[in-house]
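Chains as they are written, first to last, in my numbering: chain X, 65 to 455; chain D, 65 to 455; chain U, 65 to 455; chain C, 65 to 455.
Rather than coming from a laboratory, the hints here were simulated on the basis of the structure. Check the hints yourself; a few may be wrong.
[As the list claims (entries may be wrong)] Which residues of chain U face chain X? A partial, calculated answer using Cβ under 8 Å: (1) Arg-173; (2) Ala-175; (3) Val-177; (4) Ala-192; (5) His-205; (6) Gln-221; (7) Ile-225; (8) Gly-231.
[To be verified] Covered stretches of chain C, going by a simulated chain U footprint (3 or more residues, C-beta under 8 Å): (9) 127-140; (10) 180-188.
[Unchecked claim] These stretches of chain C come out as covered by chain U in the derived footprint (C-beta under 8 Å, 3 or more residues): (11) 262-268; (12) 343-355.
All C-beta atoms, glycine included, are put in the ideal place defined by N, C-alpha and C.
There are 4 protein chains.
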Amino acid sequence: MTERVRIPRDLSNDYTEEMAAARRRFVAGHTGAALDHVGHYSIDPALVSGNGENFFGVAQVPIGVAGPLRIDGEYASGEFLVPLATTEGTLIASYSRGMRLLTESGGVRTAVVEDYMQRAPAFVCGDAVAARNFGRWVDEHFDQIKKAAESTTRVGQLAYIGQYQVGPIRYLRFNYRTGDAAGQNMTGKATLAACNWIEENYPERLEYLLSGNADTDKKHSGINMLLTRGKRVVAEAVIKNDVLKNLMGVEGHELFFARQISNVGSFLGGNANNGAHYANGLTAIFIATGQDVANISESHAGVTYSQLLDNGDYYWSVTLTSLIVATHGGGTGLPTQRECLEMLGCYGTGKVRKFAEVCAATVLAGETSLSSAVLHGDWVSSHDRLGRNPA
Amino acid sequence: MTERVRIPRDLSNDYTEEMAAARRRFVAGHTGAALDHVGHYSIDPALVSGNGENFFGVAQVPIGVAGPLRIDGEYASGEFLVPLATTEGTLIASYSRGMRLLTESGGVRTAVVEDYMQRAPAFVCGDAVAARNFGRWVDEHFDQIKKAAESTTRVGQLAYIGQYQVGPIRYLRFNYRTGDAAGQNMTGKATLAACNWIEENYPERLEYLLSGNADTDKKHSGINMLLTRGKRVVAEAVIKNDVLKNLMGVEGHELFFARQISNVGSFLGGNANNGAHYANGLTAIFIATGQDVANISESHAGVTYSQLLDNGDYYWSVTLTSLIVATHGGGTGLPTQRECLEMLGCYGTGKVRKFAEVCAATVLAGETSLSSAVLHGDWVSSHDRLGRNPA
Amino acid sequence: MTERVRIPRDLSNDYTEEMAAARRRFVAGHTGAALDHVGHYSIDPALVSGNGENFFGVAQVPIGVAGPLRIDGEYASGEFLVPLATTEGTLIASYSRGMRLLTESGGVRTAVVEDYMQRAPAFVCGDAVAARNFGRWVDEHFDQIKKAAESTTRVGQLAYIGQYQVGPIRYLRFNYRTGDAAGQNMTGKATLAACNWIEENYPERLEYLLSGNADTDKKHSGINMLLTRGKRVVAEAVIKNDVLKNLMGVEGHELFFARQISNVGSFLGGNANNGAHYANGLTAIFIATGQDVANISESHAGVTYSQLLDNGDYYWSVTLTSLIVATHGGGTGLPTQRECLEMLGCYGTGKVRKFAEVCAATVLAGETSLSSAVLHGDWVSSHDRLGRNPA
Amino acid sequence: MTERVRIPRDLSNDYTEEMAAARRRFVAGHTGAALDHVGHYSIDPALVSGNGENFFGVAQVPIGVAGPLRIDGEYASGEFLVPLATTEGTLIASYSRGMRLLTESGGVRTAVVEDYMQRAPAFVCGDAVAARNFGRWVDEHFDQIKKAAESTTRVGQLAYIGQYQVGPIRYLRFNYRTGDAAGQNMTGKATLAACNWIEENYPERLEYLLSGNADTDKKHSGINMLLTRGKRVVAEAVIKNDVLKNLMGVEGHELFFARQISNVGSFLGGNANNGAHYANGLTAIFIATGQDVANISESHAGVTYSQLLDNGDYYWSVTLTSLIVATHGGGTGLPTQRECLEMLGCYGTGKVRKFAEVCAATVLAGETSLSSAVLHGDWVSSHDRLGRNPA
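Okay, chain X solo, but in the shape it has when bound (with noise of 0.2 Å):
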């Protein structure tokens, strides 16, 4: 293409049919694809006003259910049937395997622990004591601080602010507490807010980047694991093992052994989580439910502790250590995605630790049934008989 080829945009309003269509003759005429099921859909384009630019369509990803699954958490109280949005063949079975499992054991006990969402600026002082003493003063003028960002949002409240220094540099990393929303945006403007309040009054010239990679955002890290982004949450059970023995066909014991091997790979490999495909649920519902599915980068890290009880039974938990989720805003309200939150009773305000913890029970579910699988040797022919196998 010699001149620059451009996508049809309509400046006074872009989130209507004619531009989405006119964007999809667009990619057709230039890519000689065809987007007829791409064109198909029952969403108002308006709608996707702020959740996309340039909007011609919609991926459409098949949803299965399963379930249900009993939870007795603190705020998910009952049985679910989760929505899941996948296309790898087997999962959906597995999962709803898993929780059959849990629910014919008593059911998943959940909790939250911990609730943070983070931004982390970078201040480039003139030497190390510069930084040390700059990070002094943040810490005396923490409530100032807190005032100026919080002046910025409704829901958002500063809870604390780390410091990290390396040579001159300081990083603060921001810590809030975000209501129902996942609060990536919420805490990037407040944190604005308070670098523009810290520069105004601290008596030195400072030099700062809005985010030095200590937050750390759409990326997994060790600090997230450690100090928690988003919601760090728990689900537990205790799996009877004659439960065990008639679904599965393993025992609690063989699973104990299992999980002191796989604990060591997990160490050896630096792993993000040492359990078994925590990732698969997880993004099956982010998908289903108008989640920010990049954080799945962050949220598929977790720990994996279990122990076996004198009477064979299974004590299994999993905690997820930056699962990040929301109920309100973002993607959330869009048509199926609401839907998808309403099937769980977690669409809206006040919800968004239920939806944690029905995250963190499916994620259980997983566990049990993908482990049981390899462990009993049938994870190869269930997948050769229900999923896609293409060689």
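Chain X is fixed; fit chains D, U and C onto it per the hints.
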């Protein structure tokens, strides 16, 4: 619910519109959620066989188009319009801006530099000596093990077996070429066959788990970053300083200064990558094109390396160390997903490296855009303008 | 040996020359090793009481002197002659060369920017909710817990308790100020007292381990790098480009180019620091001055951050994130060790920050020297000339 | 000091008692420190040539003897008395107690399961494609590169070259067998020769650094843990539950419960090992036997793996993944150091694997002792009794 609730299923043929509708009624009845939009789709439920169980509808995820992006790769060559399925406002506009920067600077060079998919069984031997000797036997019988593994697949090829020992456990990490498929199932099946062969032929009794969590599947890990999982793909560009100034309002030397800060933050935090938001663009392409989106957990790992050139231009590279993608099999053949792959000329066999290059080039575009915005200070304001800020 | 061999011990007073000689005879008799040199020392065995059991002699570790090194720190100020106990040829010459470079560039600025020692018991509760609630109770009773902890020590002060939960386990990481002692024992004792107080006063039954390996004692860890263990100390200098050229034969821009390569290698490898050989100089000072040398495992962690200045000079900083040192207690009072601390004006109370600054400045000197040598290509040849190359 | 202070040196022969004394006078004069004890030694300064510059005395580090420890290894066989040079009170007593536990349980099995030493130059190519193609050329010319490398050494053998690419940088990690030497210098020299050969023979111009920090020398790293640096050595034992109860007052099932807690803490913290205090015993042996003690940074990495047996006995293994030791060259030939190696029957050529086994067995002994003490609650009280608690 006193009696066990059962999701409707038709054991003879579950992938029909009738069954999908039956499940929607069931879910709606049990949860009170309307499923009108979820039930609106153009795909034939029969197509979902192999891609998910208990199908009852679709997530409609909005797709926008970004570009054009000029790529001068080994497989991808020309200008591309990239479909991004996301609900995060500003993301598509931001990637598009980065694509313009790169395209006006002459485009992106791309290359796949390594390519492996793994399955890592753990063999537990009698003691450490036995485990080490077992490992030697495996080396000596590689050709036969390879033959056994490859007997299960037309496409997969066993390249080498990495070995990692802890105590009496020998982790064997089977590394395969998997053609245009991502290959997790293919390699699982092949490795099971290999393990069976080993078990039958090894003179001593062996105990093994098909996966000991050193693969590492569906989770970020250090071993993946080092030794590659999926494609190791590089996108690199020299960004002209005057284009950078005009489009982004920043200069190369400023970006390079910020890079040093960001490298330190990433090293300190134990980040899965030292970039800005690799996961955002990748996830949006993955959803649009039918990738196994849970693989974002591994695929977002990587390393940014850059240099400031003497003339003020800025060399910028992104290396994705564990990009897991397919252009064949899995969800790639579903209707909207296929259309999006066709937009890129990447549908079907022989296209996976081209697609990997497009993914990496897109990531690079997003890095240039967000990093510039953070530096220039308009990151927050653009989210206010284009994003759905929930508080 | 059919009968259990017993090392000679005198239960009434084991720290005598007689018992040392008896053990030398015992060891020589059982192993055939002559222990003539081991038995040659000037220290009084009585002094070793509290520093080691079953004393039978000494390791004579050669010490060389490096310097002078000009330091312009908060506590260390002036030119220092640094004792380095090592058996690695070229090391002292290399550090000395770096010290000259730094001194001729105007010296090194140093500062301790954070200071904590930890002990991290793990409390296992009934479930995740109980563990979270226990954590809140700990926060609410911080003053009383602090009082209980501090009742065991004249020096130690409990600064804060970090909390990290996984499943039903609540890791409490007690962070103390420990004055001029490294403080591992002091904090162990204080934390035990705190745990006893907690056990007695918490309304529910608790189970705990005094250390759950989140301290993390005697091992490198991510948590130490982030949250500091011992001293977080920075050494920084602006190295004049002409001095660099004259002494080292390299230029600032070359070092900066190499830094980018080294940062990538370190990030990819999962390195405990991104420098060249922090551990070398540190270990040599530690042995000379009676530090607990096993703490090298934690103390060698850190981050190098540098910038190329517009005039070609090179800003170079080293941040040791977990430097564990003492100038009082432990081995610091033994005769040769005390003499070496006195060489630095660092013996006794009130000197530990000064000593930490000397350590960091020495590390920086070694970094400049080795990095230049690798770049200039004389690293191997100098080892050939000065080192004992064994093959 | 207005004029540059110069440490006395004799360019014709600096390794004499006269020069050592001259330097002591110089240091004493400039610093006021008496160096009486430092000047008391039995070693001939001429011996220090090759082990350190500017020699002026010795550190007298107290050595105690621990044991006997029964080892049933591939190279180490029988009962060993282990010299531990340390200033940390209780340490020797604690290791000795663990040795008794292991010996009374039947002893420790040991084995070296992998053995490599590395040097990792970084080649910077024109772009990613060029770097990948360069890597292929290296593979194709491995035999010639090996020949060039091995031309510099009688002992070293190049086993394989690992390749890791980021952007246009190709890190080549040369893996050698180094006989009884640790081999860092040997491999540096050999790799320089290999790089020279590559530079001369590669058809395009190349730029490289002799180390790009992916080796990784003198620092802990994930790559070392995975791919072995030095010796990968396992020590394992089945500890009888009744012996455990009698000697330690704890039982196997209690230790196993604690192991689960400790595994979680280690995974969460990003620890270099999941053990209690590997570094303590290792450091003490290293100092006693003339190892390069800075290698503790790498050598303390490892993995503890254990299982509770059905009869209540406890299987415990320690795998050191990066143990860097020598029995020839370096400081091993110095008088006291040699005597300590002779105590173990480990001095000289052909002994390095035996020595590695002794190191690992000693580490295992220390793990059993400290872990039991922490569990039994006498860890603090024994430090009070035996250690020099500074506050």
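Okay, the hints, checked on the actual structure:
1. Arg-173: At 6 Å from the nearest chain X Cβ, U/Arg-173 passes the 8 Å test, so the hint holds.
2. Ala-175: Since chain X brings a Cβ to about 5 Å from U/Ala-175, closer than 8 Å, the hint holds.
3. Val-177: holds (4 Å)
4. Ala-192: holds (4 Å)
5. His-205: violated (18 Å)
6. Gln-221: This interface hint is violated because 17 Å lies over the 8 Å limit.
7. Ile-225: At 14 Å from the nearest chain X Cβ, U/Ile-225 fails the 8 Å test, so the hint is violated.
8. Gly-231: holds (4 Å)
9. 127-140: Holds: 6 residues of the segment 127-140 of chain C have a Cβ under 8 Å from chain U.
10. 180-188: Answer holds; 3 residues pass the 8 Å Cβ test.
11. 262-268: Coverage by chain U is violated here, the residue count being 0 at a Cβ distance below 8 Å.
12. 343-355: holds (count 8)
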